[in-house]
Amino acid sequence: MTERYVMSIDQGTTSTRCILFDHRGRLVSVTQREHKQHFPRPGWVEHDPMEIWRNLERIAPEALAQAGIGPGEVAAVGIANQRETTVLWDRRTGLPVTPAVVWQDTRTGDLVDELARRPDAHVVKDRCGLPLATYFAAPTVRWLLDHTPRLRERAERGEVLFGTMESWLIWNLTGGPDGGVHVTDVTNASRTLLMDLRALSWDPVLLDFFGVPRAMLPEIRPSSETYGTARRVLPGVRIAAALGDQQAALFGQTCFHRGEAKCTYGTGAFLLLNTGTEPVASTHGLLTTVGYQIGDQPAVYALEGSIAITGALVQWFRDRLGIISSAPEIETLARTVDDNGGCYIVPAFSGLFAPHWRSEARGVIVGLTSYITKGHLARAVLEATGWQTREVVDAMNADAGLTLTTLKVDGGMTSDNLLMQFIADVLDVPVVRPMVAETVSLGAAYAAGLAVGYWPDLEVLRGNWHRAGQWLPAMDPQRRESEYGNWRRAVERTLDWIKPPAG
Amino acid sequence: MPGPVQSIERAAAILRLLAQGSGRLGLSEIANSLGLARGTAHGILRTLQLVGFVEQDDATGKYQLGAALLHLGTSYLDVNELRSRAINWADALAARSGEAVRIGTHLQGKVLVVHHVFRPDDSLQTLDVGVLLPMHATAIGKVLLAYDANAAAAAQDSELEQFSRRTIRTPKELARALSGVREVGWAADVDEIAMGEAGVAAPIRGYGGLVVGAMGISGSADRICDAAGRPRGELVSYVRDAARAVSRDLGAARW
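Quick note, the sequences are listed as chains A and G, same order. Heads up: the first sequence at position 117 corresponds to 117 in full-length UniProt numbering, and the numbers run straight through without jumps. Heads up: the second sequence at position 164 corresponds to 164 in full-length UniProt numbering, and the numbers run straight through without jumps.
Keep in mind the hints are simulated off the structure, nothing from the lab. Hints are not guaranteed to be accurate.
As the list claims (entries may be wrong) - Listed below are the simulated DSSO-like cross-link pairs for lysine-lysine, each with C-alpha atoms no more than 30 Å apart in a straight line:
| no. | chain 1 | residue 1 | chain 2 | residue 2 |
| --- | --- | --- | --- | --- |
| 1 | A | Lys374 | G | Lys62 |
| 2 | G | Lys172 | G | Lys110 |
| 3 | G | Lys172 | A | Lys374 |
What the hints assert, rightly or not - Far from chain A, some chain G residues (derived; all Cβ distances over 10 Å):
| no. | residue |
| --- | --- |
| 4 | Ala31 |
| 5 | Phe53 |
| 6 | Thr126 |
Please read all numbers here as calculations on a predicted model, not as lab measurements. The beta carbon of each residue, even a glycine, is placed where N, CA and C say it ideally should be.
All chains, full assembly: derive it from the sequences and hints.
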C-alpha cells in the first residue's frame, strides 16, 4: 500500500502555510508564502482574499512536490485559519466585493460603541458568549453593508456571500462559482457574534441585532467532517476539517479532556481550557468559545484567555530600548542576575486585557532603585509573561470550577528555558512542551484525518503526542505568594492612567 | 604562493575607514574614499554586515562598525539564540531517530548542554539544559574538540577521566579519534561514558564554516548501534542532516 498523508493549510494573519503530516503526526514537508498587509487608513487593516487564494494555489502543489507525491496520496486536507477576518464575495464571479477586513482592524469602534448603548445589547453576551468588540466579524459585516453601495440588497438576495478565511478557501477549493460549497465550522462561527453558542446555529435575534441578512451566511458544520471534494488545486482530495487557529492548537496539543489546557506563546499569548460539552459562562473576564466538534458528536467548549503583550514585550526591549540584539538574548541577559531585584514590568501598552479589561491602564516599571541593572529588567520582562499567565489561569480555575494540573505550551517563546521554568514555578504545575511545535497545523491535520478514518480515534492521536521537554515547579510557596502579591500591586499602579478627555 | 586576496584587502580598508573619525559613513563616501565602484563597495559592505562586522543605521542608511567586532574574543553566537534557531530541527531529529537529542557548546573544557529534547517515549526524563558533560567521552564533545585546536590542545594536556573501560585514555588515542572525526564529519561514543550508552553527533556551523556547537542523539547502545557495535547508518545520516539544516539556517553556505 502506498504511504498516504494528511495536509493542513494554516491561513494565518501574515502568511499561508501548507504542511504534510504522516501517520505518526510527523512533519513531512512545509511550504509557506506571506501576503501583504494593507493599512489604507489609521486603524484599518486589510488583506487581499485573491492574493491569499493565489498563494494557496502555489504552495499546496509545492508541498506535494517537496514530498514527491501527488494529490492521490493525500487522504484529506484540514484548514486552520486566522480568526474573525471577514471576506465578502460575489457568488457569480467569485471575486471579493471588498478587501478582507482583518481582526486587528478597529474601523467598527464607533459602531460597536453605538450598538453597546442599545438597551438590548446584553443579548450578545447571553447568546454567543462573547463581548461586543471590534475584532469579531458581525460588526465588520454590518459596517461593510452600511458603507458599500447596493451591498445590502445584493446580500439579501444571496448574491454576495460572507465567510471567514476557511469559508473563502473551501468555497474556492470546491469549485468557486462553479458549485463551490459555502460552509464554516462551529469554532469559526462561534467568533462571529452571530451564532447561538448552545444550538450551534445562526441566531435570528443576533442576526436582527446586527442587521446581517441570513442569505449571505455559510452553513455551520462540525470542525471535523467531510465538507466536499476539492475540484481545484488538490483535485479529488476531501476537505475534512476547519478550525480557528487557537482551537486548532488546542486540538493539535490533544487537549481532549475537560480540564486540559494549552497556551501558545507568541507576540501575545492565547490560553484555551477544554471545559467539556457544556459552555461555561465567565465571570472573570474570559471568553466562552467552541473548542471543536467532531462529526455528529456533541461540541466541546473552551474558555479562552488572551494576553495582549508577551513576546511583544521582548521585542520592545530589543527594538525600542536596544538593550538586546535578538529576542533569545533576553534569557542570556536575565541569567546574569539571580532574581528581579525587586523590579516589575506590567506591559499594559494598550490597556490590560484578560482578566482585567481596563482600557485606561498603561504600562509601568516599578521597584526601581540604583541597584537595578539591565539584567533585572530582563528578568522582569520574562516574569511579566509568567504572571500574566498566572492571572488567566486563576480566572479559568475560578470560572470552570476546576484546577489546572498541567499546562501544555507551544509557540516561539517555548525555546526560553528560564521563562518556561518561571511559568511552572508561578503556576505550581508542570509545563510541558510537545515534540511537534506546529500545533496549529497539526490540529487541522488531526481533525481532517479523523473525519476520513486516516486516524481511527482520539486515543491514537494522543499516542502521537510526545513530550519534548518538561519544567517542574521548584519555587518556594512563600516566595511565590509574596512575588505574586508584588505583581498584583504593580498591576494596581497601571490603573486609571489615561484620563477621559475633559468636558 | 598565491597573492593577496583583493576583496579581503578592500574589506580591511573599509573597516579602517569606519574606525576613523565619526565612524558613520554613507555608501558613496566609502566608495569615493577608496576609489571603488559603488557596486563593489556595496557588495563588500553587505558581506561585512552579514557577518556582523558592520552595521547599517536604519534611518540614515549610513554604515558603522558592528558590535561583533568589539566582541571578537567571545563566542559570537549566543547559546539561547542557538537553541531558538535549532529547536525545530532538534524536535524533528528526536521524532525521526526515536532518541533524545542534545545540543552542546564548549565551556571551559566541558560540553555545556544548551538544549535537550526528550526521547519520544514519554518515559520520565528530566531536562539536562545547563549540565556539563566531559569532552573526550561524548560524541558532542569530540565534535567540539575536533574543530577547536585550542580546546583540543588543552584536552591533550589535562587528565582524561575514565568513565568506563572504553573511555579514551591517552592523548595519542584522542588525537587519532579527533582526526577521524574531521575525516568523516561526525563523531560517536560507544560504551565510553558508561557501558551500554552510545551517542552520535555532528557539527553545527555558522558563517564561513565556523563550528558554533554540536548536535547529537544519545541513548542505549542496543538501539543506536548495529550488531557489530557501530552506530547504525540511518541514525548517523539523520544526525548529520539535522546538523546541516541548522547550519544552513545559521548562514553556513557549504554544509
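Do the hints match the structure? See the list:
1. Restraint check for A:Lys374 and G:Lys62: satisfied, since their Cα atoms lie roughly 28 Å apart, inside the 30 Å limit.
2. Between G:Lys172 and G:Lys110 the alpha-carbon distance is near 19 Å, which keeps this suggested pair within the 30 Å criterion.
3. Restraint check for G:Lys172 and A:Lys374: the C-alpha separation of about 47 Å exceeds 30 Å, so the hint is violated.
4. Even its closest Cβ contact with chain A, about 27 Å, leaves G:Ala31 beyond 10 Å, as expected for a residue assigned away from the interface.
5. A cut-off of 10 Å between C-beta atoms confirms that G:Phe53 is not in contact with chain A; the least separation is 14 Å.
6. The Cβ of G:Thr126 does not lie farther than 10 Å from every Cβ of chain A; its closest approach is about 8 Å, which violates its non-interface assignment.
The structure shown violates the earlier hints numbered 3, 6.
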